[in-house]
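*Asks:* Okay, here's what each chain looks like letter by letter:
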Amino acid sequence: MVIQKKIYGFTLIETLIGILMTTIICSTLFLGITQAKLYLESIRIKEKAFVELKNFTNEWKSMIATGVSNFPSDSNSGKKVALRTDSNGNTTIEGKLYKKITKATNSGQYSVYYNIQTYITWDKKNLFFNKERGLLDTLSFNTYQIQFHIE
Amino acid sequence: MKKYIHIKTNGFTLVESLVSILIVSSISFSMFFAFYQIQKNLVNEDYKSDMINYGNRVLDDMENEIMKSYQLVKINQSLSNTTLELYYSNTQNKIKYLVSLENGIKKNDGESNRYTPIDIYNPKDDENRYKYKITNFEISQPTLTAGDIWSYEANMARYASYEIKLEIDLYNYPNDRVIETLEFNRRVFSPAKFIYNKNTNNA
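Chain order of the listed sequences is A and B.
Letter 139 of the first sequence, counting from 1, is numbered 139 in the working numbering, and no numbers are missing.
Letter 163 of the second sequence, counting from 1, is numbered 163 in the working numbering, and no numbers are missing.
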């Protein structure tokens, strides 16, 4: 007597391959979401850096406008500003502001004006796929400011 | 003579059914939890983006007006309301800002008595829960800090400048808990005020 038993279902290999494929797809999805979130955060840091650089440049423009002509040189570490803080208020990403102010080459005796080059640098460390550690992101302004003469 | 007996197992057993129900339940629960978290994060990010845009938009507007005005008068009407009045040398009109911690920042262009919002500010959702709230607004002259230049000209620059600080608390959706405080700051130099100060000093 022969007994034939038919069993319908997946084999172990098929099941494992299915689980593996699902895992890979889910991981890719979550990785993509995380990367997008980090990218959004990096844009916000750049916006903050832009505002800080604008404030810094405005400060030096005001000094030149009012007649300051001697400018102290920057320290090596520049002027530090917080670009991102955690919930406890500790700085997690710090920006460093630098300036280079020179009298413009064609500045005249009566119309004295200066060239202002300012820039800010900060660490790119928190981007997920950024393999180059210690890479700095930079924004820079190059502008001119005339000195006011009010008699 | 051989006798064939066919046993067909075409249905699920009780154990198979229970196991599959357990697996489907676990997956469904995980998915719902993940979607709930994603939705929560999405709402929080949405509020954050709105407030970043709001803060920058409002301060940019103020900055543009302050640069042109020769005098700024700050009036603290109450703990939560502050008015700024800006005077200009080329016109009798004065521009006013009403900074309310509850209702946001509004502007009066001097042509009527009406204050209009600079941008949309709805701090509460449909269920009266806080989404965000302005907690602090300050405007003052820059103070001297270590490393700053000390001279007559540098002081004149500081007298003609303002530092504006705005703080907005972001609340966690859906429970009322502050998750982050957004800080905005601007340093504004007013050439009009510098000229006015210089002329006043000379006179």
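Read the hints as simulated data drawn from the structure, not as lab findings.
Check the hints yourself; a few may be wrong.
With a cut-off of at most 30 Å between alpha-carbon atoms, the simulated DSBU-like pairs for lysine-lysine come out as follows [as the list claims (entries may be wrong)]:
no.	chain 1	residue 1	chain 2	residue 2
1	B	K106	B	K68
2	A	K124	A	K103
3	A	K99	B	K165
4	A	K54	B	K40
5	B	K165	A	K100
6	A	K54	B	K48
7	B	K124	B	K74
8	A	K54	B	K106
9	A	K100	B	K68
10	A	K79	A	K37
11	B	K68	A	K37
12	A	K96	B	K198
13	A	K99	B	K106
14	A	K37	A	K100
15	B	K124	A	K99
Nothing here was measured: the structure is a model prediction, and the numbers come from that model.
*Asks:* Decide, hint by hint, whether the structure agrees.
*Replies:* Structure-based check of all given hints:
{"no.": "1", "hint": "B:K106 to B:K68", "verdict": "holds (19 Å)"}
{"no.": "2", "hint": "A:K124 to A:K103", "verdict": "violated (33 Å)"}
{"no.": "3", "hint": "A:K99 to B:K165", "verdict": "holds (24 Å)"}
{"no.": "4", "hint": "A:K54 to B:K40", "verdict": "violated (34 Å)"}
{"no.": "5", "hint": "B:K165 to A:K100", "verdict": "holds (27 Å)"}
{"no.": "6", "hint": "A:K54 to B:K48", "verdict": "holds (22 Å)"}
{"no.": "7", "hint": "B:K124 to B:K74", "verdict": "holds (28 Å)"}
{"no.": "8", "hint": "A:K54 to B:K106", "verdict": "holds (25 Å)"}
{"no.": "9", "hint": "A:K100 to B:K68", "verdict": "holds (27 Å)"}
{"no.": "10", "hint": "A:K79 to A:K37", "verdict": "holds (29 Å)"}
{"no.": "11", "hint": "B:K68 to A:K37", "verdict": "violated (39 Å)"}
{"no.": "12", "hint": "A:K96 to B:K198", "verdict": "violated (34 Å)"}
{"no.": "13", "hint": "A:K99 to B:K106", "verdict": "violated (36 Å)"}
{"no.": "14", "hint": "A:K37 to A:K100", "verdict": "violated (35 Å)"}
{"no.": "15", "hint": "B:K124 to A:K99", "verdict": "violated (43 Å)"}
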